[in-house]
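> One-letter residues, chain by chain:
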Amino acid sequence: MFCGSSPFDIFMRDLWVLLPYTLYSLLRMFIALAISYLFAIPYGVAAASSRRAEKILMPILDILQSVPILGFFPAAILFFILVFQEGWVGVELAAIFLIFTSQAWNLAFAVYESASTIPSDLDEASTTLHLKGLARFRNLILPACIPKLVYNGMMSWAGGWYFLVAAEMITLGSRAYALPGVGRYLAESTYSGDYSGTVLGLIFIVLTVLAVDRFLWKPLRTYAEQFRYEYVSLGEAPRPSHLSLSPAMRLKGLLKAPVAIKDVVHPFPVRLEPVVDRLRYVAVKPGKLLGRHVKVMICAVTLLGCGLAATRTSEIMRYAYSSWSILTEPFWNPELKSEVANIPVALAASILRLFSAYLLSLAWTLPLAVKIGSDRRMFAASASLMQVLASIPATALFPIIILATMSLPGGLQLTSIILTMTGMQWYLLFNLIGGVRSIPSDIIEASEAYRLGGFAKFRKVIIPALLPSLITGSITGLGGGWNALVVSEYVVFGGESIYVLGIGAMIDKAAYELGSFSLLLTTIIVMSATIILMNRLLWRRLYHFVFHRYRIDY
Amino acid sequence: MDLERVRGKSLLTLPRVHVGQMIGLLEVLEDFKGRVDAAKVADDLILELDDLLPAVDAAELLGFLKVESGDLILTEEGRQFLAKGASGRKKFLNEHIMKLSAFKAIVDFLRSHKNHEVTREELLEFLRKEMSDEDAESAIPWIVEWGRYSLILHYDSNNGKLKILRTPK
Amino acid sequence: MPQLIELRRVTKAFGSLERPTVVLEDINMSVHEREFVSVVGPSGCGKSTLLRLIIGLTEPTDGEVYYRGRRVQGICEGMAMVFQTFALFPWLTVAENVELGIHGKQLSKDERRMRVLKILELMGLHGFEDAYPRELSGGMKQRVGLARALISDPEVLLMDEPFSSLDPLTATHLREEVLDLWLDPKVAPEAVIMVTHNVEEAVYMADRVVVLTSRPGRIARDIQLNMPRPRDPRSNEIYRLVDEITGIIA
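Residue numbers (my numbering), protein chains in the order written: chain A, 1 to 554; chain B, 1 to 169; chain C, 1 to 250.
Keep in mind that the hints were calculated from the coordinates and are not lab data.
Just so it is clear, the structure is predicted and the values come from calculations on it, not from any experiment.
Heads up, a few of these hints could be off.
To be verified - Here are the simulated DSS-like pairs of lysine-lysine, each with C-alpha atoms no more than 25 Å apart in a straight line:
1) B:Lys-40 x B:Lys-91
2) B:Lys-84 x C:Lys-186
3) C:Lys-118 x C:Lys-105
4) B:Lys-91 x B:Lys-104
5) B:Lys-66 x B:Lys-84
6) B:Lys-84 x B:Lys-129
7) B:Lys-114 x B:Lys-84
8) B:Lys-33 x B:Lys-84
9) B:Lys-104 x B:Lys-33
10) B:Lys-99 x A:Lys-218
11) B:Lys-91 x B:Lys-129
12) B:Lys-99 x B:Lys-40
13) C:Lys-118 x B:Lys-84
14) B:Lys-114 x B:Lys-66
15) C:Lys-186 x B:Lys-91
16) A:Lys-371 x A:Lys-460
17) B:Lys-163 x B:Lys-91
18) B:Lys-129 x B:Lys-104
19) B:Lys-91 x B:Lys-161
20) B:Lys-99 x B:Lys-66
21) C:Lys-109 x A:Lys-132
22) B:Lys-91 x C:Lys-118
23) A:Lys-132 x C:Lys-186
24) B:Lys-163 x C:Lys-118
As the list claims (entries may be wrong) - Anything over 12 Å on all C-beta distances counts as not near chain A; from chain C, calculated:
25) Glu-18
26) His-126
27) Arg-215
For glycine and all other residues, C-beta sits at the position ideal for the given N, C-alpha and C.
Bound-form chain A, shown alone (with noise of 0.2 Å):
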């Protein structure tokens, strides 16, 4: 390609571009991250602070978090660029709305979820000791968010990277403007033959991520440690034992007294009803968080906007007419008609594809679990490096694994699979291997008791007490898979665009081909209804299911 450089040319002209680009997409990232902490603590709070404020707020973050970010992508793209005018602003715009939206629901909940389970004996103090509002919020509430803002700001912040380099990656076939970022690089160099280039890449990409890790995160886990509650337990005046401290009367003490297995283990993921019954408080009562002037202010502007649209009815009448219009407009239009009565098929193809992934997936990750997860040795071994490979985000790949099976047979109807599945495993794998490690061992030493061979003991003891991790891993993992649906129906390949039958092409031709605005919104929320609609009438029930028959409680 590059005839007469020597490789050496090449890995530093590789470098040159590298350094900026990588720079260019931290700062995307971290600017990201600023928006998603300031959208989620106000809006955390404000949750947490009435059941009313609950009852509206909870619910709307709940069908954010299930609307598939990736599908979100190319309407914003478009809106950005018509407001913007700018073609470089508005695609920039699009990204980091982007990955706001990978962090900020998840953060937002966070946040709600910390300030609502605020000891109820630290907040009565609070209320005796007169701290209200402001002081309220500064010395009590934000502290008590702080563990749980650092540790879901890492977990965002790695879910960031995936949506940032696939933004990275779609943009680049975009007339408007391509960003300049790893994944940009990653795609230009796998396409155009400079696999060093590639191979570059993916080692800037690693090494960007624990840097990260340790400048960044790690000393916020260690400030936020300080944050979090030491539970006092309530009841009769505590045993004896503990005044002896010593550890010899301290291990008699322990001897002496019955020990709940469930205190002992706690089956991974991490349920929210026995951690309550564990804390045995009573959440914070409402309407205290807000000072009573906060809920003035918020009465005041709401009645001020409803003055202000009462002066332009009209114009009020005349735009929502014509914005019905033009949301209709797949109805109505002949050439989009024709587009949306695919819509269900489309759908039906891509719950297909996504649930071949999930199957396959499955078949690696579950035997891999249960042989790392059972191995003390074997885990310790590849804790790291599994975590240095759950570093890349998976999006990074998809040049590669596009280049290396398209040419397979089946084409794209494969890659998209394939491509799909690394969206998921990894909330599969990490979740099986804790399952299978909080598996207590009386109930192995059991099994083998009964001499349950194989395959018998795999079936009746191993799989049931997974079910709890497998359900939560598969609930995270399938989310996962509805995005990546979006950035593997629809590719940019040898200078063509090739898709599959599926809702995520749709919505990528919808944005992309068509321009569409209004077919762009229905397709993407036909796709989101079908992902609230499974959640709650599927995933929701089987959770309840599993977790009332299979938590290991005695």
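Here the structure of chain A is known, so what remains is to put chains B and C in place on it, guided by the hints.
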């Protein structure tokens, strides 16, 4: 008596009980007019005799009580100690806790360092020379608590540094 | 002695309108200056709720609570509370926790610091100013709770099972400390109301014992103890009273 002197020499002899617990025990003794069977105290407080021992040991170490044929006896020093108020007791301990060789050794160790200050790890290393790893690890919270209470030591948990606060002349 | 607190026909119910759980019913009582009142009763009898009604953390479903003649609405200035589980802020040092007791007051930085150090010294916490709650024993944590409550010079000190999370020896010691504070005219609040399930403790410490029955919580007896201090916790008189009260509760 010999036993006491010998015990006092080893670094192993630290109070391993909360200050408040030891004072509580002395107050109970005072309620019983200064002499009572140890088992009766345990019974009265609804404790196991074993659980009373750390407090008894600490009080004995400091000379506040004596053990004689299963009875706990409040000494004159113990009485005087109780009669003082909160700050009086701290002052008293500030003056007398160095009689425990453990604290003397630790203060000497601190004095040999710059600013009379060491890190938690350095203290741990020092202690490991005299006792097992676990005992050394578990000794530190007691040293910090009694050191702080008697105003001998200052501990900054943010950076893990222990230093001398105020020693008697 | 002048009346500080009065409860008139106070009733508190939780739950829905159709099926309410009545925790306290028709409570009529008053607390005067220089009274140390213990409230005892079986668990679930609403004694903790009573305390929260008095300080204003919650409102009665029926009836009124008065403080110095005025209806209690919101947290009373001049009242402070100590909690069974200490309720200390884990991310603040001892000094910072205690300072929260006067956070609202207009004081210069020096004055603030002075007051914090003074109360810490009084509570035997000198030397622990920079310690964090996790480094403290239960007894010390409760001292911090007491310091935080007393630094604002409250007229009424409310204590919700203050010694119940402590081991017997520490509890014994801390009880003595609280009694010492009560008997020190320079520091003592005008009145103390202590809720406990430990009848011995109630009788040993208080001037007056209010006995509640449960479901719904009503005042069964209001006993004036005419016992001078210092008291012998193992005296026959105390044992007799404990028996009597335990009989009422059971």
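> All hints are to be evaluated individually against the structure, with a verdict given for each.
Status of each hint after checking the structure:
1. B:Lys-40 x B:Lys-91: violated (32 Å)
2. B:Lys-84 x C:Lys-186: holds (18 Å)
3. C:Lys-118 x C:Lys-105: holds (17 Å)
4. B:Lys-91 x B:Lys-104: Holds - the C-alpha atoms of Lys-104 (chain B) and Lys-91 (chain B) are around 17 Å apart, at most 25 Å.
5. B:Lys-66 x B:Lys-84: Given that 25 Å is the threshold and the Cα spacing comes to 20 Å, the pair holds.
6. B:Lys-84 x B:Lys-129: violated (37 Å)
7. B:Lys-114 x B:Lys-84: Judged against 25 Å, a Cα distance of about 35 Å means the pair is violated.
8. B:Lys-33 x B:Lys-84: holds (18 Å)
9. B:Lys-104 x B:Lys-33: Given pair Lys-104 (chain B), Lys-33 (chain B) is violated - Cα atoms ~33 Å apart, limit 25 Å.
10. B:Lys-99 x A:Lys-218: violated (44 Å)
11. B:Lys-91 x B:Lys-129: Violated. Lys-91 (chain B) to Lys-129 (chain B) sits at ~31 Å, over the 25 Å cutoff.
12. B:Lys-99 x B:Lys-40: With Cα atoms ~31 Å apart, Lys-99 (chain B) and Lys-40 (chain B) exceed 25 Å; violated.
13. C:Lys-118 x B:Lys-84: Holds: Lys-118 (chain C) and Lys-84 (chain B) sit about 18 Å apart, inside 25 Å.
14. B:Lys-114 x B:Lys-66: Violated, at about 40 Å.
15. C:Lys-186 x B:Lys-91: This hinted pair holds, its Cα atoms lying about 22 Å apart.
16. A:Lys-371 x A:Lys-460: Distance of about 17 Å is within 25 Å: holds.
17. B:Lys-163 x B:Lys-91: holds (18 Å)
18. B:Lys-129 x B:Lys-104: holds (16 Å)
19. B:Lys-91 x B:Lys-161: holds (23 Å)
20. B:Lys-99 x B:Lys-66: holds (17 Å)
21. C:Lys-109 x A:Lys-132: Measuring from Cα to Cα gives roughly 21 Å; hence the hint holds.
22. B:Lys-91 x C:Lys-118: holds (16 Å)
23. A:Lys-132 x C:Lys-186: The hint is violated at about 30 Å.
24. B:Lys-163 x C:Lys-118: holds (23 Å)
25. Glu-18: Non-interface label on Glu-18 (chain C) holds, nearest chain A Cβ at 19 Å vs cutoff 12 Å.
26. His-126: His-126 (chain C) is indeed farther than 12 Å from all Cβ atoms of chain A, at 23 Å.
27. Arg-215: Arg-215 (chain C) clear of chain A: closest Cβ-Cβ about 19 Å, beyond 12 Å.
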